[in-house]
Every structure is written in structure tokens, then in C-alpha cells.
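J.: What follows is each chain in one-letter form.
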Amino acid sequence: MISQYLLEIDALTVELPGAARPVLDAVGLQVAAGEVVGLVGESGSGKSVTARSALGLFPPGARTTGRVLVEGADLVGADAARLREVRTATAAMIFQDPRAGINPVRRICDFLTEPLRLTHGWSRRQAQAWALELLAAVGLPDPPRHLRQFPHELSGGMLQRVMIAGALAGEPKLLLCDEPTTALDVSTQAEILALLGRLQRERGLGLLLITHDIELAAASCDRVYVMYAGRIVESARADELFGTPRHPYTIGLLGSSPPLTGPLDRLQPVPGAPMGLNESAPGCAFAARCAFAEPGRCDRAAPELLPLPEAPGRSAACFRASELLLTTEVHP
Amino acid sequence: MTEPQSVAPQPAPLLQVTDLRKTYGATVAVDGVSFALPPGGALGLVGESGSGKTTTARMLVGLERPDSGSIKVLGTPLAPVVHGRAARLARAKAVQIVFQDPYLSLDARIGVGATIDGVLRLHGLSDRVARAARVRELLGQVGLGEREAEALPRKLSGGQRQRAAIARALAVEPAVLVLDEAVSALDVSVQAQVLNLLADIRREAGIGLVFVSHDLAVVRYVCDEALVLHRGRPVEHRPMAELLDAPAHPYTRLLLASVPHPGWDPDDIARRRRELSRPG
Amino acid sequence: MSSSTTTSPPSPSQPSPSQPTLQRRPGAAWLRRGFLAHGWLFRICLVLLLLFVLVALLAPWLAPQDPTIGDFANTMAGPSADHWLGTDQGGHDTFSALLEGARTSLLGPLGVVVFSSVCGMAVGLFSGWRGGRVDAVIGRVLDVLFAFPSLLLAILAVALFGKGLSAPVLAMAVAYLPYTARLVRSLTAQQKNRPYVAAYLVQGHAPVYVAVCRLLPNIAPTVLAQSTVNFGYALLDLAALSFLGLGVQPPTPDWGAMINQGQGAVLAGQPLSAVLPALAVVLVVVAFNVVGEQLGDHLAGRES
Numbered sequence: 001m002i003s004q005y006l007l008e009i010d011a012l013t014v015e016l017p018g019a020a021r022p023v024l025d026a027v028g029l030q031v032a033a034g035e036v037v038g039l040v041g042e043s044g045s046g047k048s049v050t051a052r053s054a055l056g057l058f059p060p061g062a063r064t065t066g067r068v069l070v071e072g073a074d075l076v077g078a079d080a081a082r083l084r085e086v087r088t089a090t091a092a093m094i095f096q097d098p099r100a101g102i103n104p105v106r107r108i109c110d111f112l113t114e115p116l117r118l119t120h121g122w123s124r125r126q127a128q129a130w131a132l133e134l135l136a137a138v139g140l141p142d143p144p145r146h147l148r149q150f151p152h153e154l155s156g157g158m159l160q161r162v163m164i165a166g167a168l169a170g171e172p173k174l175l176l177c178d179e180p181t182t183a184l185d186v187s188t189q190a191e192i193l194a195l196l197g198r199l200q201r202e203r204g205l206g207l208l209l210i211t212h213d214i215e216l217a218a219a220s221c222d223r224v225y226v227m228y229a230g231r232i233v234e235s236a237r238a239d240e241l242f243g244t245p246r247h248p249y250t251i252g253l254l255g256s257s258p259p260l261t262g263p264l265d266r267l268q269p270v271p272g273a274p275m276g277l278n279e280s281a282p283g284c285a286f287a288a289r290c291a292f293a294e295p296g297r298c299d300r301a302a303p304e305l306l307p308l309p310e311a312p313g314r315s316a317a318c319f320r321a322s323e324l325l326l327t328t329e330v331h332p
Numbered sequence: 001m002t003e004p005q006s007v008a009p010q011p012a013p014l015l016q017v018t019d020l021r022k023t024y025g026a027t028v029a030v031d032g033v034s035f036a037l038p039p040g041g042a043l044g045l046v047g048e049s050g051s052g053k054t055t056t057a058r059m060l061v062g063l064e065r066p067d068s069g070s071i072k073v074l075g076t077p078l079a080p081v082v083h084g085r086a087a088r089l090a091r092a093k094a095v096q097i098v099f100q101d102p103y104l105s106l107d108a109r110i111g112v113g114a115t116i117d118g119v120l121r122l123h124g125l126s127d128r129v130a131r132a133a134r135v136r137e138l139l140g141q142v143g144l145g146e147r148e149a150e151a152l153p154r155k156l157s158g159g160q161r162q163r164a165a166i167a168r169a170l171a172v173e174p175a176v177l178v179l180d181e182a183v184s185a186l187d188v189s190v191q192a193q194v195l196n197l198l199a200d201i202r203r204e205a206g207i208g209l210v211f212v213s214h215d216l217a218v219v220r221y222v223c224d225e226a227l228v229l230h231r232g233r234p235v236e237h238r239p240m241a242e243l244l245d246a247p248a249h250p251y252t253r254l255l256l257a258s259v260p261h262p263g264w265d266p267d268d269i270a271r272r273r274r275e276l277s278r279p280g
Numbered sequence: 001m002s003s004s005t006t007t008s009p010p011s012p013s014q015p016s017p018s019q020p021t022l023q024r025r026p027g028a029a030w031l032r033r034g035f036l037a038h039g040w041l042f043r044i045c046l047v048l049l050l051l052f053v054l055v056a057l058l059a060p061w062l063a064p065q066d067p068t069i070g071d072f073a074n075t076m077a078g079p080s081a082d083h084w085l086g087t088d089q090g091g092h093d094t095f096s097a098l099l100e101g102a103r104t105s106l107l108g109p110l111g112v113v114v115f116s117s118v119c120g121m122a123v124g125l126f127s128g129w130r131g132g133r134v135d136a137v138i139g140r141v142l143d144v145l146f147a148f149p150s151l152l153l154a155i156l157a158v159a160l161f162g163k164g165l166s167a168p169v170l171a172m173a174v175a176y177l178p179y180t181a182r183l184v185r186s187l188t189a190q191q192k193n194r195p196y197v198a199a200y201l202v203q204g205h206a207p208v209y210v211a212v213c214r215l216l217p218n219i220a221p222t223v224l225a226q227s228t229v230n231f232g233y234a235l236l237d238l239a240a241l242s243f244l245g246l247g248v249q250p251p252t253p254d255w256g257a258m259i260n261q262g263q264g265a266v267l268a269g270q271p272l273s274a275v276l277p278a279l280a281v282v283l284v285v286v287a288f289n290v291v292g293e294q295l296g297d298h299l300a301g302r303e304s
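Protein chains in written order, with the numbering used here: chain A, 1 to 332; chain B, 1 to 280; chain C, 1 to 304.
No wet-lab data here; the hints were simulated from the structure. Mixed in with the good hints, there may be bad ones.
Below 20 Å or equal to it, Euclidean Cα-Cα: the simulated SDA-like pairs (lysine to any residue) are [unchecked claim]: (1) B:K155 with A:S43; (2) C:K192 with B:G145; (3) C:K192 with B:Y103; (4) B:K155 with A:G272; (5) B:K93 with B:Y103; (6) B:K155 with B:H214; (7) C:K192 with B:T54.
Just chain A, same shape as in the assembly (with noise of 0.2 Å):
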């Protein structure tokens, strides 16, 4: 079976023993070769959980159904080896802090070397030359002398564009980044994501972005998901999420980070806190928090992600979306 996308997550529900609601509730995202997709959500929305799903990283001692597809084939109850086939070849993770992703006491060119001898059984020289290559194409100044050093060495920006290298030692298609730059400087930022851009752009990658920032997602994906306790609430192009968010959690979201230009007037933030495993809720999850909850309507039964009919390309899990489009104008 073979599918247009590179990365096809269908109705992933993941339940641990324990908790109060899934960790994932029929999940579903597609991402495609040569596109950006961003996944937003805030702490225990299963954002990560969502993309280690990609790799066939399921939480331990959890209950999984539904589908994850990398290039068709399906990882849910995967065995071993297709496991391992997809982790070196298809896909590759890049995670948020370098620092603990790196063994501090071995170089540079052991941790990206390593994985090619043991796996592929390259020899020393050919891998060599391959990390010199890739550590080139991460736009690191000097590859031969950053190859000879150790982790410490590095500042923080520097040492993921060394991680960025070391997910593409296997040339993978899909590149899953787990919030790759909230670690770095805010200016550092823009460097890593410039490079994932081009990389991305050079390479035909399939990109998934894992984000907290709403606005970091609106300004280099071209499609952006939103998650909100283990759902999938809206999904969008980019500028259309941006200009016109559809579900209220977006809508509270994008108002609740000030604006850098243009009048200055007092936020508007969601009240109450992100739900945490241990709670949940009859209905929609957010209604607890939503300024347009309908009492007896959103508390009653969870909305499903439908595609809105006026907007083409476009769903939200929301009852009210279509009303809402009306009565919404965030961000000018």
C-alpha cells in the first residue's frame, strides 16, 4: 500500500493505565514530503507523545490503537525490525535540549559516526567523511575542528545544529523536531530554524514541527495542527490559523501572548490551567476554560474534528466553529 504521505497518523489513541483520559484521543495528521507542518499545544496536550509515536516511541505500560503509517507501513504493534528500519532510514528526531541528547565524554565525531559504523558497517574513513559533510551542510564554521571536540565545547545553537547533523546521518525523509530551539536564544532561533528551512527546502523532507509558540508555528509551517488534552482541536494552513483561528482555544491562544506592535491592550487569557492527565472532562475538553461554551451543549458530548464546510481544507473540533468565524478578529 503505498501513501501520499510520508507521515500518516490515523485515529492514534494511547491510554495509560492510571490516568483519568488518554494521553492521545484519535489523534490523526498527515504530513507530506517537501512540507512544514507544525503541531501546537502546551504542556500535556501529547504533542510529543504524538510525534515519538513517528519512530514508533509508544509510552511504556501504554494501550495503543489506531494507525501510524511511515511511508505506508503501519508501526502500531510493529516488530522489532521495522522498527529499527524506519528509526535509521525514513525518519530521524531532533529533540529540545542538545545537551542531553549528546554523551558529554565522547566526541563529536564518535556520536555522529558511531550510528553509521554499527548500523550501516561503513568504515571509519567513509563515515568520516560523511560527518565532515553533514556537519558543512549544518553550516557549522570549521567541520574538521568540530569534529575533533567534545560537547562542552559547543554553545548551545552550535551543538544542535550537531543533532540536526546527527538525524540526517541516515538521510532520513521525515524529520520529526521536538520544540528544537525553546532551549536557545531567541535569536539563536531563527539561525536553527533558517537551517531546518533550507534543509527541508534542499532536501524535499517532510518537517514536523512540535511547538508551544503559536506564533513560531504561524511564521515557518505551512500547515499548523492544534492540540489540546490529547485532541487534535483545529487544523489549518499557516496564514489562515494566524488570521482566522477557528476553535476558541487557538482564538486564546493567539490572544494570549502580547503583540510586539500596534496598541497595547489588556490581555485576554484563557482562565484556568491546560488539563492535566488525572482530570477530564464529559464534553469538550476545553469547555471548562472556553468563553463560547454553550452549557449544556459543550459539557455534554466532545466535538469531533470535522472539516468546516465553509472553509475548504480546513476542521475544527469545536460546535461553534462556524458561528465563531464571525465574531472573531484576532491579530489585524
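With chain A held as given, fit chains B and C onto it using these hints.
T.: Frame of chain A; chains B and C shown alone:
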């Protein structure tokens, strides 16, 4: 490099910082930081990691001893080292701080209400009933109720913990409150609540705020003026609106451009950053 | 057996000194939750320990005979109605000696652990809090202390101050001090950098108050776990000392001394009087180890 422009000094500044300098061995963490904060004013200390903003904040509350320079609160210089109970309490009344990490900044063993109660007792409120009332009042001010007062910190969300930390700092009734990246570890929707809370506190309590952050948008929301730090040195000190409309220093311009917005071009920012870090 | 007892006590890193901070108040509810959260081995060991402590407390009332008085008509006897577990070569009742021996055998390590934990906490807290040069000097002194095998130090103390319980216990306490001190030092240095400690200082609390009344309670449960492990090893060391005849002197019953005195009985084909105290030592040491390490793991795990 442009000379940092200073704001015309007020007649009686709440906080007057003059020429602070701090080095760790050969590394200069902070050099030549001066500013004045008028009563009820709010100043943003803006910069990235290694800019010296957190070191400056820690010097303000006495957790680090400056190599040179002076810190005056209401005209009284703060001693670099304090001895004795009275001196410690006086120091505490001058400047308080709220830290970045809401998970580590509260004592895990002690309930939020009891923590604040301890602060009040330390600062001489001996009557139990009055203290309990004041605890309720302070927690109410930051939007926490009876249930949260009873709870241990681990039972609270990140936002609630940060509110508790703010209440704990306010319990001392300081002249100046330093917020060291106090909202940057919070979820976006919760961050907005805390920002509104800070704006309210500033308006109601008339307290001076020093707001340390890397996020210019957040600084704009809370502060009237900002001091931009780059590698321990101040590069620009101006009223917020001016700073954002016409940033004078290339580093300020870089910081501004780095904030993601529609039509954002990360390639251009990356180029400018490289130019800035080039020596000379 | 005797050769293995001379190997030194626990590795100081056992309850993971890099990790642990404690988020809960120790107390009955905490113990119950902790107790139920662990496996069967932990529960069995904890019950075993409680049983031993109970026996030690009630020994004079439980023991059917006075184990200090020898029944010379029945030396090296097998189990009988008079002597349930037989007698040793001096005619002492093995069962009664075992019960009464629990007292001295547990009291000695208790002294070692209490003294070494209290002093270790004081030294470690001071060192970790002060940091800098003071810390470095104390660290080196502790390293030197580490180099002395605890048993050797105890034998030295016996040579200087004479046989009995107090001299070896004191020497052993000094030898065990570095384990607690190092753990407390590293925990203190780690906790000191936490913003909650900084917050206490900024509020105007005296540094001594913050260190002793605020920081110490946060690391105490981890120290308790280390002390539990130490207890088992101290018991082993003291039993070895008694076995060598340098510890508690007969006729006061003690497990280590019993093993020594039972040697003749073993050769005569009545091994109970030597095997049973040895078994008791092994059981208690293993139980303390299991409980201590599980407590440590539990606390370390809670951090993350």
C-alpha cells in the same frame, strides 16, 4: 558601539544602580550597568543567555556580591554583605525576587499558606489571627484561594506555583520586586494570566518592578522602559515605545527581528546575527 | 565468613546522591504508601526487621532461660525439651542466647548509625553549605578517613581503650561518618543552588536557619535510606569483631561471640549454636540492605 542613552534621572529614584560590575575569574559577567527606577516604575532588563541579566538580578537581591558599583534603594545604599537580623530584614524589605522555575522555587515540604505565614512571622507580624488574615489577603491578591493555601507545591500547577512565589515576595512588602524570567517557564495561556497579575500589582501596590526577560513582547507589556544587555554590557536604555519603533543598536534590532511574526525571514536574522558576532 | 566481613561497607553512591530530593513529609501515611508501593521482598524484609527489633526489646521476657548461666550437665547438646535449640560447649541455652544476643547485636550498630549519621549530617551540611576551600579541606579529610578499613579502626580502638561494646562502636561510628557526610555534602551542594533556598535567604532568614531548618529536612529521608544500609554493614562489622573476641565479652550473649564459641560444638556435630546466630546476622544484614536500597531507589525515582 553607541553610547547607552540614559533616561533623565528622577529627583528621588526608588532604585538607583550605578556602574555595577561582576567578574568570575577572567569572565566579565556584568560591566557598567547603571539605571534608575522611579517610584512605581517598571524597567525591563532584556538580553539573551550570557548577557548578564540574571547576574544583575541576583546582585540586586544580594545573592551575588558586585565587584564594584552601588545599589541604592530610596537613597540608602545596600551593603554588599549583611550581618545581623535587623540588617537582613532591612535588606529583604528593599528588594525581593521571583525566580524563573516555579517547580524549584518553593519548598516542597511546606504548604503555600504556611510559607507565606513564615515570611510574615519573620518580618514581625506576631499576631496569629492577623497573620492568617494577611495570608488570605496576599493569596487572594494573586488569585489563589483557601484550597491552594493548604496544598503542598507539588499539588499545584506551574501557574499557581508562580502566583504563590509572587505572593511570597509581596509578603515582605518590598520597595522593588525583581522578576527573573518569571513567566518564561509557564504555558502560553497561563503566562498571559500572570502578566495581567503583574500589571495589576504594579498599578495597585505602586511597587517598582525590574523585569528580567529575553522576550521583548512580554517586556513591552509590563515595562515603561528597557535596558538591553549584550555580553554583560548595556547597549541601549530607552523608553519601551522608542526602543521598539526605532531601535538604535544592531543587537536590539536583531532581538526584535528574532520574534516570530508573519512574513518572518529566519535566513535574514541568521545573517545579521553572524555579522554582529564577528569581532570588530 | 570472617574474610567476607572484612570487606568494607556500602559504596557511598548507593542511594544515588546525584539525584535525590524529597517531595513528601515522612510520616505514617508516607510509609504506608511507600510500603505498598514496593514488592514482596521489601515487605518481607521490613516485617523481618520489625520482628527482630521486637525480639530484642522483649528478649528478657521471651527467653526461657538465662543464657549467661551454663548448664554444665548438658554441654554441646542437641535440641531437647529443656533446650529447644540445644546448648553450646559452655552449656548455654542457644535459643535464649539467640534472643538475648539480638539486644547487643542490634544495639551496637544502632549506636554506630546514630552517631555517624548525626555527626555526618553536621559535617556534610557545613561542608556543602560553605563550599569553596573549607569544603575542599573537609573533603580531603573525609577521603583519608575513607581509606581506613572500619574493622581496622575498631581493632585499634580496642587496643587503646580495651574490649567491650563502647570502644569499637565509637571507632566504627567514626569510620562510617564519611559515608553519611559525603552524601549530605553532595545533596546540600545540590539543594543550595535551588531557588527555594535562595528565596529563603532573600526573605531575610539567617543562613544557619535556612541550612538546618529548611534544607536539611528536604534531604533527611535520603540520609535515612543511607543509614539503613549502613546499619546492616555495621552489624556485620561488629559481629566480626565479637567473633574475633574483641567485641562484647562473654558471658554477655552476642551473635558474633556465639559463632566463635560454637566452633567446638560444630566439630562435635552439634552445629546449631554456631549456625543459627550466623543465619540471624545474614538475615538482618540482607533485610537492612534491601529496605535501605529500596528506600533510596524510591526517593531517587520520585525526583524525576
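J.: Between K93 of chain B and Y103 of chain B, is the straight-line Cα distance small enough, at 20 Å or below?
T.: 25 Å, violated
J.: Need the status of pair K192 of chain C, G145 of chain B: alpha-carbon distance at most 20 Å?
T.: Status violated; Cα separation ~30 Å.
J.: Take the C-alpha atoms of K192 of chain C and Y103 of chain B, compute the straight-line distance between them, and say whether it is at most 20 Å.
T.: 15 Å, holds
J.: Taking only the CA atoms, is the gap from K192 of chain C to T54 of chain B under or equal to 20 Å?
T.: At roughly 17 Å apart (the allowed maximum being 20 Å), T54 of chain B and K192 of chain C satisfy the hint.
J.: Given the hint that K155 of chain B pairs with H214 of chain B, test it: the Cα-Cα distance must not exceed 20 Å.
T.: This hinted pair is violated, its Cα atoms lying about 29 Å apart.
J.: Is K155 of chain B within 20 Å of G272 of chain A, Cα to Cα?
T.: Answer holds: K155 of chain B to G272 of chain A is near 15 Å, not above 20 Å.
J.: Do the alpha carbons of K155 of chain B and S43 of chain A lie within 20 Å of each other, as the hint requires?
T.: 16 Å, holds
Checked against the numbered hints given earlier, this structure breaks hints 2, 5 and 6; the rest are met.
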